[in-house]
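Dock chain to chain to rebuild the complex, using the hints, since each chain is given by itself in its own frame.
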Amino acid sequence: MPTPFSSLAVAGSGMSTMKTWIDTISDNVANANTVKRTSETAFQARQVFAESVSGGTAIGGGETGGGVRVSRLTTASGDGTLTFDPNNSLADANGMVRRPNVDLVEQMTSLIVAQRAYSANVTVFERARDSYLRALEIGRG
Amino acid sequence: MALIPPIGVNPAVARPIAPSTTTATDPTAATRGNSFGDSVTKALDDLQASQSKADSLARDAATGRLQNIEEYLIAASDAQLSTQLTVAVRNKAVESFNEIMRMQI
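Those protein sequences? They're chains E and P, same order as listed. Residues 1 to 141 (my numbering) are what the first sequence spells out, left to right. Residues 1 to 105 (my numbering) are what the second sequence spells out, left to right.
FYI, nobody ran anything at the bench for these hints, they're computed from the structure. From a predicted model like this one, the values you see are computed outputs, not experimental measurements. For each residue, glycine too, the CB sits at the ideal point set by N, CA and C. Any given hint might turn out to be false.
As the list claims (entries may be wrong) - Here are the in silico distance ranges between beta carbons for each label pair: (1) P/Thr63 - E/Ser119: 54 to 64 Å; (2) P/Ser96 - E/Leu73: 49 to 59 Å; (3) E/Ser52 - P/Asn98: 23 to 33 Å; (4) E/Ser26 - P/Glu99: 52 to 62 Å.
Said to hold, decoys possible - Interface residues of chain P toward chain E, partial, derived using beta-carbon atoms under 7 Å: (5) Ala61; (6) Glu70; (7) Ser77.
Chain P on its own, in the form it takes in the complex (with noise of 0.2 Å):
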């Protein structure tokens, strides 16, 4: 049973990521360079990583493979808390995108 969170939990947020930190990477783009851009693409690149290891130990877990438990549940740990950040900072970035488009001219 304790396979299953972090299966299903990581597709479901890894998706809405990828679209939003596009739409929030492109204003930033423009005034301060790549640098942002780049650094939500390589943390997402990372995240994708970690999610992908977490889930291959899952499979080893469920297939009888699994030698370490404690690998896999560290794998799964990782993954959810870098998830979280992940959606901590797409949360920000969209908040500062709307804030700025709020502005009045």
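Chain E on its own, in the form it takes in the complex (with noise of 0.2 Å):
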């Protein structure tokens, strides 16, 4: 539906993508640790892509863009860590277990930027609306 405060959805859509990428990160972090048999294959950390989306009319022509949605959220490929862990119940007759390589210094830096980037697009969706509120101003009283 075509709206006059169409900053507000793609600031939105920015907040969106971004809580789900954030949502994929403390997926991941929280199996950082999920130890598994070596017949089975190791925990696989997830990934978000995201994909800008068309749309927005400017008044002069031209697009100015319809903001951000995740394209696909696919799962990384990895055989994991064969770790020596004999005392672990999952481990085998050689005392290995398969370990998860979820590169945890990875997945915080990415968490910092995903962070900031929600922040982002709050700031934007604040100032956008500040924008049509001081426009709505016009003429009165």
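Encoded structure:
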């Protein structure tokens, strides 16, 4: 639905996408120590792919863009790392278990980026709303 | 607490618009055709749609079914701004109508 307040929806799409990213990061971090049997596949870190959305018509013609959306959610590939842990109840005959190769440093860095991006979208949202409210004061009184 | 204002505001603000715009559209419709009346009707429909979206999301938030908090806040802001815009347009239309009615013949 075309709305005169399109910036709000665009900023909102950014927030939703960043929220999805934060959700996947929290799942990856939560599963950073999920140990599997060597016969099983290791836990695979989830990845978010974003894409821009077309839309939004400028007053003089042309497109201002319609925001962003999650294009796909995939899981990383990888066999994990085989670790010697004979006391683990999941260990095989050689005392090996399969640990996921979730890079905690990478996940935490992504988390900071995602959180900052979310905040940036909130700031855009607030500024756009203030601009619209200011425009509504034209000719008042 | 943040959920209450949009629910409470919407019906109160939406009510005076409907009767007022019908009186405001009639004189202009006679002179300019249906374009202004159509625009107002369409704007009111859009306003109704955005307010019912905000209301249903507010209900979801209250019942704990809301997945994205920003979704509700955006819908509420959108409904609030749409209401203010419609009220501004309606005030200007009534103002013009009153101005015309005050004209000396």
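| Tell me, which hint numbers fail for this structure? | The structure conflicts with hints 1, 3 and 5, although it agrees with all the remaining ones.
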